[in-house]
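**Q** Each chain, letter by letter, is given below.
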Amino acid sequence: DVKVTQSSRYLVKRTGEKVFLECVQDMDHENMFWYRQDPGLGLRLIYFSYDVKMKEKGDIPEGYSVSREKKERFSLILESASTNQTSMYLCASSPTRGLAGGTDTQYFGPGTRLTVL
Amino acid sequence: AQSVTQLDSQVPVFEEAPVELRCNYSSSVSVYLFWYVQYPNQGLQLLLKYLSGSTLVESINGFEAEFNKSQTSFHLRKPSVHISDTAEYFCAVSLPYNTDKLIFGTGTRLQVFP
Chain P
-9 DVKVTQSSRY
1 LVKRTGEKVF
11 LECVQDMDHE
21 NMFWYRQDPG
31 LGLRLIYFSY
41 DVKMKEKGDI
51 PEGYSVSREK
61 KERFSLILES
71 ASTNQTSMYL
81 CASSPTRGLA
91 GGTDTQYFGP
101 GTRLTVL
Chain E
3 AQSVTQLDSQ
13 VPVFEEAPVE
23 LRCNYSSSVS
33 VYLFWYVQYP
43 NQGLQLLLKY
53 LSGSTLVESI
63 NGFEAEFNKS
73 QTSFHLRKPS
83 VHISDTAEYF
93 CAVSLPYNTD
103 KLIFGTGTRL
113 QVFP
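In the order they appear, the protein sequences are chains P and E.
Residue numbering for the first sequence follows our numbering, beginning at -9 and increasing consecutively.
Residue numbering for the second sequence follows our numbering, beginning at 3 and increasing consecutively.
No wet-lab data here; the hints were simulated from the structure.
Possibly wrong hints are sitting among the right ones.
[Stated by the list, open to error] Below, simulated EDC-like cross-link-like pairs (lysine to aspartate or glutamate); rule was C-alpha separation at most 16 Å, straight line: (1) E:103 with P:7; (2) P:3 with P:16; (3) E:103 with P:41; (4) E:103 with P:12; (5) P:45 with E:102; (6) P:60 with P:18.
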């Protein structure tokens, strides 16, 4: 069964702290993604990765960085947390695109609700 | 650039009533279309998708969506909802040559009352 896990369901941090959000998938997927979900804004892509040690900026990368040292693990890092980063963070993974160009389903983790005080 | 509009942020409905969740998209090129569902305290799950072929696609739990190119819409429908359908529903698009990047709408919260 497909599984994406995130290290914490709920997290509370103070302004200025360094925050690590971890995501692990057990499906041998090449692609991994970090989104944030805010009421009225839907999901917005922060960063994604097509392969180990590769990363690309999404739509809202400011204030975030990522790390992908192993295929199954994709970490989101908040170097200095701020209150406007209080949000739900969702990780997702998908297998490599086929030659026919057909899209592959993204599989989502349960999310981490981060509160920055 | 592509965008997705979900016109209704909340849709309240009684159990066994029909429902339609609206989704419109904007794109100058062909797109792939998706509906994802998020049940309370869970991540998103794919409900159904349109890539090509028949414009009517169905999910295993009774939802269906119809791709309408002329109206740039991909509305989600169910003829009779259950309490268990209470969830947030997200419409999304991707480009055929950049299928890994999904662009999401703002979501519609479906609340089914007994």
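**Q** All hints are to be evaluated individually against the structure, with a verdict given for each.
**A** For each hint, the structure was consulted:
1. For a cut-off of 16 Å, the pair hint linking residue 103 of chain E to residue 7 of chain P is broken: about 30 Å separates their Cα positions.
2. With a C-alpha separation of about 28 Å, the suggested pairing of residue 3 of chain P with residue 16 of chain P is violated against the 16 Å cut-off.
3. A C-alpha spacing of about 15 Å is found between residue 103 of chain E and residue 41 of chain P, which places the hinted pair at or below 16 Å, so the restraint holds.
4. Among the hinted pairs, residue 103 of chain E with residue 12 of chain P is inconsistent with the structure: their alpha-carbon atoms are about 21 Å apart, more than 16 Å.
5. Of the pairs offered as hints, the one joining residue 45 of chain P and residue 102 of chain E holds, with about 13 Å between alpha carbons and a cut-off of 16 Å not exceeded.
6. For the given pair, residue 60 of chain P sits about 11 Å from residue 18 of chain P by alpha-carbon distance, which is consistent with the 16 Å threshold.
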